[in-house]
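J.: Using full-length UniProt numbering, read the sequence shown as starting at 1 and increasing by one per residue.
Don't read these hints as lab results, they were simulated from the structure. Just so you know, even glycine gets a beta-carbon here, dropped at the ideal spot from N, CA and C. You can take every hint at face value.
Using C-beta positions, here's what the derived DEER-type ranges look like: (1) Pro208 <-> Leu758: 42 to 50 Å; (2) Pro383 <-> Pro52: 41 to 49 Å; (3) Trp635 <-> Ala328: 32 to 40 Å.
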Amino acid sequence: MWRDPSGVPHVQADDLTALAHGHGYVTGLDRAWHVEVLRHRAEGRSAELVGPDGLDGDHLTLAADVPGTARRWWDAASAQDREFFAAYARGISDALAETWPGTREVRELGLTERPVRPWDPWTPMAVHLDAHLLTGSLPEQLWRRRVRRELGDAWVPLLDAESPAAAGSNAWLVPGELSASGAPLLAADPHRVVEESGPYQPVCFSTPDVRVRGLALVGLPGVPHFGRTETAAWAITAAMTVTERVVDLELENRQGAWHVAATGERLEHRSVVLRARGGVERTCSLRSCAAGFVLPGTPAAEAVLDAAVPGSTTTVTVVSPAPTADPARAFSACRELLSARTAGNVMEAVSGWAVPCNDVVAADRDGSCRHTVTGSFLGAAEPSRPLHGITVRANQRPSDPCASAARLACAPPHRARRAMHLLDAAVAEHGAVRHEDLLAAQLDTAAPHWPVLLRELFADTSPTAVSDPAATVAREGVRTQVRAAPDPDVASGPAGAPSAAGAASRRKGESRTTNASSEAAHTVRAALLDWDGSMAAGSQAASLFAVWRDAFVHELMRTTPLSVLSGPTGMPTVWDPFLHGPGRVGLAVENIVRHGLDLGVDVRWCARTALERVAHEHPGTALPPWGALHVYTPWRSDPALTAADPVPVGGDADCLLAAGTLPGTGPACVRVPAARVLWDLADPAASWWITPDPVARGECTEPPLHRWSRGEMDHALPWVPAGSVGRSGAMGPAGPAGSASSSGSSGGSIDLGALPPLPDQSAPGPRVTLRPVDPGRDAAVIHEWVRAPRARFWGMTGWTREQVREVYEYLDASPTHHAWLLELDGTPMGIFQSYEPHADPVGATYRVEPGDLGVHVLLAPVRTRRPGLTAALGRLIIAQLARCGTRRIVAEPDVSNDRAVARLIATGFELGPTIRLPGKTGQLAFLRVGGLTESR
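Put together the whole structure using the sequences plus the hints.
T.: Next up, the structure:
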């Protein structure tokens, strides 16, 4: 195992089984506390680690039979998958046995004497199932049920908004014809509530047949969500599908046993004792029937069921997950994706995937681009299909009516539209989408829909509804029966809804006694109307908008029919983040502004009252910049644990940088991009990533969290410490824009020494130097060399000078590939290029060792031949490489370049296998520099 300077692990192994063991081992090393919390949750025992607050979640896990489902899927899996998962579990167990007592969280909580039990082979499956138990449609269905019960069916579409826990994810694909590199680009940033170091773990893997980089889900082997091989890449977003059937069943008690009233079926029942840290115990009941498992209720509801009074009746909620088509392939993608070579291979690997339900985009180096929806969900299957043009997946509602009907809690359409606008603008300006264009779109903090809504809210004092800014619709009266050209992506109130006339009577006696024309309120109003919609971290206007929006939601919850959602949820506390009224209303505030009047919500009155409240609470004082209010720190599984230092974050729930708040509950950032990735299939080295990990693990003492907050990215390479030409060889982090990079070959000339005197002379020969190539200055002379027929194996014979210059500009900017001019007493006489094999396609063809350095040499024709010049230059170069930490020199001339191969053999290189590389078949050759004699 190696670590790059940012601490990202690269696991090398001889086969996939050993690779899985190494992956498990490094996961146990880096995430010991987190994986044990996840394992305990999956076994219904998290309260034993984190205290009584975990009891409700443990009860839900056992009621849903997460451990039993994982064991059944494990039993059904293929022998290869069982071996793969078992090896990963052994790796985690081996690491935990070494690291658990010394883990910081374990010491802080006084758990050092607590034994760690080895993971079972199916534990990774259980961990994954439990981690995604609440990421399907179940929370959204329960929210809709609450809205129906407390407000009525008419309110459901109005309050249909993204989940407060997981939303805002992006996955974008740019085809090769619109990409600056000429090959497909993929960029993604999943948005989650981030716990500990986050749900994703950047990892690199390599075997003799596999070289992969990607984001592993902590506790699960492989990289099933985001990854790339040498020739294929994939990314996901949440598919927003209906993943469970939820029904309320009437029960009646017959002789002390509960039966389904409609069918007479007797409920299955067993009791378990849950234990929490501190000696707390709770006896819980697990119930199920043919329709599914009984969702645990509040303590009062559970007490009714436990009392089991004969003749009594009650109602329970029964949940039935969507059936899994083939349990044997539920997790096969974890292993199969590692060997994917094409977009078609990706589609085949994910075809059996079960949980969660994912929206998948994939592409390969040959230009194929594909999309599918995979996982277990209710409704018609959505098979793989080819993609054409730029594809933006941003949790938006599909345009197809059937697919749309099978979606819940979709994002508003403006986020996807904003992404398309930015990428289309990049094509218009540059002719193609570049890496920096994708990163800029991921970091975009614009909320351009809000200034339009604010102008309509504050336009006048008439109580008319506010329209969709994409299509302003004139309305007559206070109620609209028909809308012109409604946006299909935006939920709208139904025709025939209650009129606004009843709004005043439902404001709990509130009267309009505030002075909307006060100077302070007018100042706030003017500032909001001047706001450009930017939620950048440095914007004070963004802070004012967020404070006003919180006040607006407060008024909605205080003075409108929505106030009934302020009460208890009627569910155990584990559901509070999903069913909490103010937070859910805050997330739906855009819908409410557009269509609330149809249901008796006077949004203009609430908006003006919120102005007055902000003016009263912040009289004449400038608010701090948004980043000072909108700070982020990863959530700790136990509040007693030391928190990471908060970082300022721009963006908002409505932005592409969906660093989300819960409007109405304050400015704190609760949901963020849990990772950002960018894959360019033109070059395996063109891969970048970052996660908000608060722990510094590598040579870089700054945690990734801080680079993440600044919008930087790290180079994603299967890193092995490389040799060097003239420096330490440590590769610095690099990114497509705004990131640090190493100095490349631009540091200065290197004096290799003098050539030995000729046989008939005593004076030393000319001095040999390596001078970094200056693309602008040196392109002309290099072009003359490489265009000659004798340089045909250099691969540039038909190139223009401009094309040559562009290639050497690329090398000059690279942290891993460098170009030098060989000079004799200042006169150029050849090119010497070096590369770090882990960052080159060559590195995928053999097992890279520490200290490896790849080289290419082209000597120019000379007018006066000097006997032994090539051999003498070789000795000087080899000596320089050895002084700078190179242990082994790697070469791969074209297999048909007989003279080059012969020269390598004469120099002492050992030939390896022939390899397929872009544009040629190469002959691998290796030279170990240690112990070389001066004569050689």
